[in-house]
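Residue numbers (my numbering), protein chains in the order written: chain U, 286 to 704; chain W, 130 to 567.
Any given hint might turn out to be false.
[Claimed, not checked] Below, computed lysine to aspartate or glutamate pairings styled on DMTMM-like, alpha-carbon distance capped at 20 Å:
(1) K636(U) with E292(W)
(2) K352(U) with E307(W)
(3) K352(U) with E292(W)
[As the list claims (entries may be wrong)] Covered stretches of chain W, as calculated for chain U (at least 3 residues, CB under 8 Å):
(4) 172-181
(5) 261-270
[Unchecked claim] Which stretches of chain U does chain W cover? Using the computed rule of at least three CB atoms under 8 Å from a CB of chain W, they are:
(6) 338-352
(7) 453-464
(8) 492-500
(9) 526-533
(10) 586-597
(11) 681-694
It is worth saying that the hints were derived from the structure and are not from the lab. Every residue gets a Cβ at the ideal spot worked out from N, C-alpha and C, and that includes glycine.
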Amino acid sequence: MHPPALWDWESGQRVILASMERPENVAWLEEYHISPDGERVAVLASLEEGGFTALVNGEAWENPFEKAWCPRFSPDGRFTAIVQQDGMWTLAVDGEAWEESFDFMWSTQFAPEGEAIAACIQSGGEYGLCIDGVTWETLYENASQCVLSADGKASAAVVQLAQLKPADIEAFKKGVYGVAVNGQSWDANFMNCWTPAFDAKGEHVAAQVRLNLYDYSIAVDGKTWNEIYGCVWEPRFNPATGKVVAPVRLNGRWGLAQDGQIIWEPRFGQCWQQIFSPDGKNIAAIVAPDFGKFTVAVNGKAWGVTFPVVTDLVICREGATVAALGCVDNADWQVLVNGRAWAGVWDMAWKPVISQVGGHVAAKVSKGKRQTIVVDGRAFAREFDQVFDPTFSPDGKKLLIRGIDKGSVVRIVADVAQA
Amino acid sequence: MGIADRLIEDVGLRGGVSKLTPEQIQKTVNAVISGETGAKLKAYAETCMRCGLCAQACHFSQSHPDDPSYTPAAKVQATMGVLLKTGGKVSPEFIYGMAQLAYTECNLCRRCVHYCPIGIDTGYIMSTVRRICHKLGVTPQYIQDTAHSHSATFNQMWVKDDEWTDTLMWQEDEAREEFPGLRIPLDKEGADIYYSVIAPEPKFRTQLIYQAAAIMHAAGVDWTMPSEPGWDNSDMCMFTGDFEMMGRLKRKHFESAQKLKVKRIVMGECGHAFRSVYDMGNRWVAWKMYPVPVIHSIEFFWELMKQGKIKLAKKYPGPVTVHDPCNVVRGRGHHEKLRELVRFLVDGPIIETASNREHNICCTAGGGVINCGPPFKNVRLDGSKAKAEELRATGVKTIVAPCHNCHGGLEDTVHRYKLDMHIKFLGDIIYECMEKPS
Ligand code: SF4
Ligand code: SF4
Numbered sequence: 286m287h288p289p290a291l292w293d294w295e296s297g298q299r300v301i302l303a304s305m306e307r308p309e310n311v312a313w314l315e316e317y318h319i320s321p322d323g324e325r326v327a328v329l330a331s332l333e334e335g336g337f338t339a340l341v342n343g344e345a346w347e348n349p350f351e352k353a354w355c356p357r358f359s360p361d362g363r364f365t366a367i368v369q370q371d372g373m374w375t376l377a378v379d380g381e382a383w384e385e386s387f388d389f390m391w392s393t394q395f396a397p398e399g400e401a402i403a404a405c406i407q408s409g410g411e412y413g414l415c416i417d418g419v420t421w422e423t424l425y426e427n428a429s430q431c432v433l434s435a436d437g438k439a440s441a442a443v444v445q446l447a448q449l450k451p452a453d454i455e456a457f458k459k460g461v462y463g464v465a466v467n468g469q470s471w472d473a474n475f476m477n478c479w480t481p482a483f484d485a486k487g488e489h490v491a492a493q494v495r496l497n498l499y500d501y502s503i504a505v506d507g508k509t510w511n512e513i514y515g516c517v518w519e520p521r522f523n524p525a526t527g528k529v530v531a532p533v534r535l536n537g538r539w540g541l542a543q544d545g546q547i548i549w550e551p552r553f554g555q556c557w558q559q560i561f562s563p564d565g566k567n568i569a570a571i572v573a574p575d576f577g578k579f580t581v582a583v584n585g586k587a588w589g590v591t592f593p594v595v596t597d598l599v600i601c602r603e604g605a606t607v608a609a610l611g612c613v614d615n616a617d618w619q620v621l622v623n624g625r626a627w628a629g630v631w632d633m634a635w636k637p638v639i640s641q642v643g644g645h646v647a648a649k650v651s652k653g654k655r656q657t658i659v660v661d662g663r664a665f666a667r668e669f670d671q672v673f674d675p676t677f678s679p680d681g682k683k684l685l686i687r688g689i690d691k692g693s694v695v696r697i698v699a700d701v702a703q704a
Numbered sequence: 130m131g132i133a134d135r136l137i138e139d140v141g142l143r144g145g146v147s148k149l150t151p152e153q154i155q156k157t158v159n160a161v162i163s164g165e166t167g168a169k170l171k172a173y174a175e176t177c178m179r180c181g182l183c184a185q186a187c188h189f190s191q192s193h194p195d196d197p198s199y200t201p202a203a204k205v206q207a208t209m210g211v212l213l214k215t216g217g218k219v220s221p222e223f224i225y226g227m228a229q230l231a232y233t234e235c236n237l238c239r240r241c242v243h244y245c246p247i248g249i250d251t252g253y254i255m256s257t258v259r260r261i262c263h264k265l266g267v268t269p270q271y272i273q274d275t276a277h278s279h280s281a282t283f284n285q286m287w288v289k290d291d292e293w294t295d296t297l298m299w300q301e302d303e304a305r306e307e308f309p310g311l312r313i314p315l316d317k318e319g320a321d322i323y324y325s326v327i328a329p330e331p332k333f334r335t336q337l338i339y340q341a342a343a344i345m346h347a348a349g350v351d352w353t354m355p356s357e358p359g360w361d362n363s364d365m366c367m368f369t370g371d372f373e374m375m376g377r378l379k380r381k382h383f384e385s386a387q388k389l390k391v392k393r394i395v396m397g398e399c400g401h402a403f404r405s406v407y408d409m410g411n412r413w414v415a416w417k418m419y420p421v422p423v424i425h426s427i428e429f430f431w432e433l434m435k436q437g438k439i440k441l442a443k444k445y446p447g448p449v450t451v452h453d454p455c456n457v458v459r460g461r462g463h464h465e466k467l468r469e470l471v472r473f474l475v476d477g478p479i480i481e482t483a484s485n486r487e488h489n490i491c492c493t494a495g496g497g498v499i500n501c502g503p504p505f506k507n508v509r510l511d512g513s514k515a516k517a518e519e520l521r522a523t524g525v526k527t528i529v530a531p532c533h534n535c536h537g538g539l540e541d542t543v544h545r546y547k548l549d550m551h552i553k554f555l556g557d558i559i560y561e562c563m564e565k566p567s
């Protein structure tokens with residue numbers, strides 16, 4: 286683990302990579318990625334003589350691969366890519382490939398609070414997950430929508446439990462989908478399952494299920510709620526109580542249900558992406574009080590400000606700060622905090638981040654070809670060709686800004702009060 | 130004649146009807162009519178003056194001139210008209226015929242709206258009839274299978290997650306032989322363009338992905354394709370009447386683009402998907418318009434042409450005729466852009482079909498009709514006689530049709546009516562004629 290508490294929070298700027306020029310043996314460079322702590326910048330490179338490597342802070346991985354894609358940094362700063370060697374695919378972590386390889390691999394996942402790395406795999410026409418190089422014992426006809434528990438010790442995916450003959454609509458209606466947890470499928474099958482999600486401890490899994498063409502519900506560890514709805518969206522566990530909350534549709538309107546009981550009356554034209562404050566006491570969700578008008582509701586109460594589209598909802602530890610983005614035509618973006626829209630209007634905005642202490646909010650934004658960070662409503666003094674999402678220091682006093690400008694990659698620690 | 134005289138066996142319709150009871154039918158019919166439709170529906174069904182003007186509008190009635198049961202007004206009367214008159218007290222066998230008619234004898238093309246003096250929207254009424262059929266579980270087998278695929282994989286052809294990305298990589302590899310350095314950039318955050326397609330492209334028509342990549346490369350477009358579900362913009366659930374799944378598909382599609390923070394979605398040459406993204410699917414979700422602008426390929430290529438980003442090494446030999454896909458022409462008004470683009474690409478005139486632009490005749494594949502599969506192929510091709518005659522009258526060899534469904538339908542029509550014509554996507558012509566950077 287490499288938590289933010291251990292990062293360099295000394296105010297000032299450091300150049301992480303002084304030259305972004307393409308080395309001579311490289312045919313082209315792909316997109317740049319930067320580690321969460323801002324210390325490492327990496328890019329996949331296609332080599333003139335064929336094959337791919339990664340350049341991390343300008344240094345090539347020791348061995349090239351036939352192909353490389355899906356470049357991602359883990360939360361603790363390891364650079365990963367899905368790579369091909371001898372026609373087979375595996376994951377390379379800081380240039381080291383896992384021993385096992387597969388016919389195909391995709392969708393790299395990281396445990397939010399652990400070190401585990403997982404990816405979906407297909408091997409000989411069978412599907413499952415591979416976690417830190419270890420594959421599920423049971424593989425399936427298909428597996429998708431994979432997730433890891435917070436600590437990375439458990440994994441789940443929607444799996445297809447039986448083969449379907451072409452256009453066999455009756456077999457489909459009998460239900461050939463389920464959820465597999467650590468490779469073991471639930472003792473239940475459904476017409477469809479979507480978006481499995483773990484509880485905070487990684488012990489329980491909830492998913493959306495479709496029981497027949499019309500009836501939707503939520504299943505937890507394979508057991509379906511008694512209630513049936515016209516539609517549902519992603520269930521989430523309350524991190525403190527372990528109760529399951531999901532958006533549900535009744536008589537054409539959306540609300541929230543908890544363990545099958547309505548907790549937000551279905552009165553919205555839409556309601557989704559609910560999140561909890563980590564203390565479990567507050568729920569926020571994106572809602573549409575009226576057709577075409579979206580906003581955020583906190584504990585069932587909708588904000589007054591509405592936009593045609595609202596995205597990227599976040600909530601802070603004790604729920605005192607809730608932030609999201611609103612936009613018109615995917616062009617005029619504003620940051621929304623606690624029911625108010627910040628004045629700045631941007632061509633694009635990225636998911637806001639909230640400090641763990643102090644309730645500060647920051648977000649990456651862009652206008653024209655330039656990008657910057659807005660902090661508590663003010664734009665940072667400097668613009669960049671490209672900037673990455675900002676991070677607050679654990680005490681909420683500093684802000685880490687990682688950017689690319691004028692051909693170099695910089696890491697800036699700014700004082701929030703002066704940013 | 131009426132639908133009862135021309136019933137066709139279909140596993141989906143028969144299986145669905147076999148489970149129905151009269152009580153369930155009545156309950157479902159009334160639940161949909163009172164819960165999901167407005168005054169519009171009743172007004173439509175009640176104000177029809179039987180003037181017969183719509184008979185000239187519909188290619189099904191044009192193709193069956195001696196059988197009035199194919200006119201829009203008759204189709205409404207034989208389905209929704211009966212449901213409203215009887216309060217839903219109809220037999221399972223009636224539902225069989227109603228479903229067959231609604232799914233296979235109406236393309237939801239909305240040509241008839243323009244002919245009706247009081248603006249009766251038969252396409253909307255047939256959509257509502259289909260919604261009732263979906264709720265009753267009476268849908269043709271093949272289109273239902275497509276809807277199942279959508280629900281399980283978020284694409285219409287059971288393409289698995291690995292098959293999708295593998296296909297993109299394969300097309301990228303092939304294209305690199307011709308264009309060194311070409312990329313199909315996957316999951317590129319912040320790209321100007323998110324390029325979305327429909328599942329037949331990775332499944333059968335991979336050359337379209339190749340061609341799109343070549344055009345993007347030559348034009349220097351900042352673009353991306355997603356590596357995970359959401360990439361298929363199509364929506365057969367909209368046509369089966371499974372609106373809940375339609376909304377789910379649109380959410381997935383748009384969230385996939387929103388996650389990548391792209392500016393616009395460009396969709397390949399598909400018509401019906403456009404109806405789903407800007408009219409039906411987005412609205413079910415409660416978005417008034419699409420949350421990320423969606424540009425149809427006609428408009429995108431037209432923009433590239435206007436910006437001088439498509440450079441031609443040669444022109445495509447004309448003359449040609451243009452087929453206007455209903456959903457992007459009658460639905461969106463892209464007919465003049467389409468012609469400007471074709472004039473730019475083709476050496477020779479456009480010979481118009483007698484019905485053109487917003488008055489075009491449907492290819493007879495649209496509205497999910499072709500997706501109802503082999504059992505109904507002859508219904509479809511009998512209904513495309515009027516289209517075939519208009520095409521034949523142009524005397525040209527090439528039909529430009531910027532829509533997948535139209536392609537499939539017109540290919541069958543050309544074959545059945547021995548038209549000796551071939552059909553081109555815009556992408557086919559641009560790729561063939563453009564200057565190819567090396
Ligand atoms: S096929 Fe088109 S013209 Fe004919 S009834 Fe249906 S919507 Fe009207
Ligand atoms: S044109 Fe309109 S009013 Fe006349 S018969 Fe057709 S639907 Fe009825």
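The hints, checked one at a time:
Distance check on the hinted pair: K636(U) and E292(W) sit about 31 Å apart at the alpha-carbon level, beyond 20 Å; violated. With a C-alpha separation of about 19 Å, the suggested pair K352(U) and E307(W) falls inside the 20 Å cut-off, and the hint holds. Between K352(U) and E292(W) the CA atoms are separated by roughly 17 Å; this keeps the pair inside 20 Å, and the hint holds. Coverage of the stretch 172-181 of chain W by chain U is violated in this model, with 0 residues showing a Cβ closer than 8 Å to a Cβ of that chain against a need of three.
Residues of the stretch 261-270 of chain W lying with their CB closer than 8 Å to a CB of chain U number 4, which satisfies the three-residue condition for coverage. For the stretch 338-352 of chain U, the assignment as covered by chain W is violated, since 1 residues bring a beta-carbon within under 8 Å of that chain's beta-carbons and 3 are needed. Counting residues of the stretch 453-464 of chain U whose beta carbon lies closer than 8 Å to any beta carbon of chain W gives 5, which meets the minimum of three for the stated coverage. Here's how the stretch 492-500 of chain U fares: 3 of its residues keep a CB closer than 8 Å to some CB of chain W, so the rule of at least three is met and the hint holds.
Note: the stretch 526-533 of chain U has 0 residues with beta-carbon separation from chain W under 8 Å; the three-residue rule is not met and the coverage is violated. Interface restraint, the stretch 586-597 of chain U with chain W: holds (3 residues with C-beta to C-beta distance below 8 Å; minimum three). For the stretch 681-694 of chain U, the proposed coverage by chain W is not satisfied: 0 residues have a C-beta within less than 8 Å of a C-beta in that chain, short of the threshold of three.
Hint check: violations occur at hints 1, 4, 6, 9 and 11; the rest are consistent with the structure.
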